[in-house]
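Chemist: Make a model of the complete structure from these sequences and hints.
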Amino acid sequence: MFNPFRPSTISGFPSGSVVLKTFVRGKRQSTQSASTKKVVNQLSALSASRKQPKLLNLCNEDLIKHRTIVNAWKMFKRREEQRRHNQLKKQYKSIYNAMEDLKQTSPKLFELANAKEEGKRFPLEMRVPTDFPPTQPWVYNYSPKKETK
Amino acid sequence: MRSAVGRAVVRAYSTQSSGPIVSSTLLLSRNPVITAELQPFENQYYKYQNELWRRLMWTFPKWFYFREGTASEQRFRQLNKNPVANNPDIEFPRGRPELRHSRDRRFKQELRLPKTYKEEVETGEGLESEASAAPAQDDLARKIVPNSRTTKADENDQTSLERRLARTLYLVIKSNDKWTLPNFVEESAEELKALHVLAEEGLYKIGGEQINYFNVSNTPCHVYNNSNENKKEYIIKSHILSGEFKPQDESLQFLWLTKEELEKHLDRAYYTDIAHLLSSV
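In the order they appear, the protein sequences are chains Z and G. To convert, take the position in the first sequence, counting from 1, and add 1168; that gives our numbering. To convert, take the position in the second sequence, counting from 1, and add 322; that gives our numbering.
No lab work stands behind these hints, which were simulated from the structure alone. Using N, Cα and C, we set each Cβ at its ideal position, and we do this for glycine too. Possibly wrong hints are sitting among the right ones.
[What the hints assert, rightly or not] Now the in silico label distances, taken between C-beta atoms and shown as ranges:
#1 G:Asn-478 - Z:Thr-1273: 39 to 49 Å
#2 Z:Pro-1312 - G:Lys-515: 39 to 49 Å
#3 Z:Gly-1194 - G:Thr-392: 41 to 51 Å
#4 Z:Asn-1265 - G:Asn-478: 36 to 46 Å
Modeler: Set out below in structure tokens:
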């Protein structure tokens, strides 16, 4: 029977001996070291656990809507591509015709036009279009290089 | 004797009086400075895809970017309120919230990140205070405001290179009361010049030498048979990179136009002949 006034006895220890027990008041501390914690934190940012959203479950009507949108986009892209392809084809044909014509009209000019362009480089000044213009949209102060003699 | 030599010289060159005159036309373009305008359908589709992408995105690992107990974490918490909790005592007619890492995983996560500058929503003040406390230009924490996609030249300056930044512009000049692409004819029959050299010299002659341009190729990209003037116009393509077209002759009129504007300015037959060379972007 449990008697609170009786001195407690733990088996294996003689009665009356002191029992050492570490007790920390407040929040429980984790046993991991700081560096381990850091790695765990980093991995948790990468892992999918508890971070994935609910699966998209479209009803039939929504599914048809989605497919229609995607089909319309594909058609739009295909038409654009077709237009580009046709234009390139026309441009190629027109270069071909122009050169054939030049050959007939003036063989010397044809040779000059066909000459190899040695040392020609793509200009570094040419800009890739950006979403927003630079503060100075166009460079006006250009002066041609002085020819070295 | 002299006439025979003269005839031989004449025959050697293409600019014979009998055959068509060979001339070189310059198609000088200014490439777009900014990206092309999106079509309405493209805009709608991108918006739809963006919404889908946001809906399917993983939860933002807030604990990784904002450590607990820091000032920035507190600011983040002020901006992002927790969603409605899944209270078992409440009936949810549109489905129970499923919270994971304080995000309702049925919906997209809307995040507002703390900014380095003061937002109007936060301060709750009008534009007057904004203007008075305009941040210095060298302040790294200032709000970045991109430049406008339309410029002053867009209003009604068709000779400016800064107009219609999203489009390719082409140089046209007025000759004989008609807008045409600049066309150059070999004047002296003494020496034979290549077509691109002829075009370059002609351009410098009418527009000054302060033009930095890139000649795409020495080969002509098109031939236009001008039957009115008995001319063969070989078209050379070039891009202007910097500098400015300054007409050397005061009376010379010039314009920088897009493809659609060229259609209005050029002759109908001339335009349809060269339309495939022009970019619609």
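Chemist: Could you see if the CB distance from Z:Pro-1312 to G:Lys-515 stays within 39 to 49 Å?
Modeler: At 19 Å between Cβs, range violated.
Chemist: Given the hint of 41 to 51 Å, is the C-beta distance from Z:Gly-1194 to G:Thr-392 inside that range or not?
Modeler: violated, 21 Å
Chemist: Return holds or violated for the Cβ distance of Z:Asn-1265 and G:Asn-478 against the range 36 to 46 Å.
Modeler: holds, 39 Å
Chemist: Does the Cβ pair G:Asn-478, Z:Thr-1273 satisfy 39 to 49 Å?
Modeler: For G:Asn-478 and Z:Thr-1273 the Cβ distance comes to about 42 Å; the hint holds.
Hint compliance for this structure: hints 2 and 3 are broken, all remaining hints hold.
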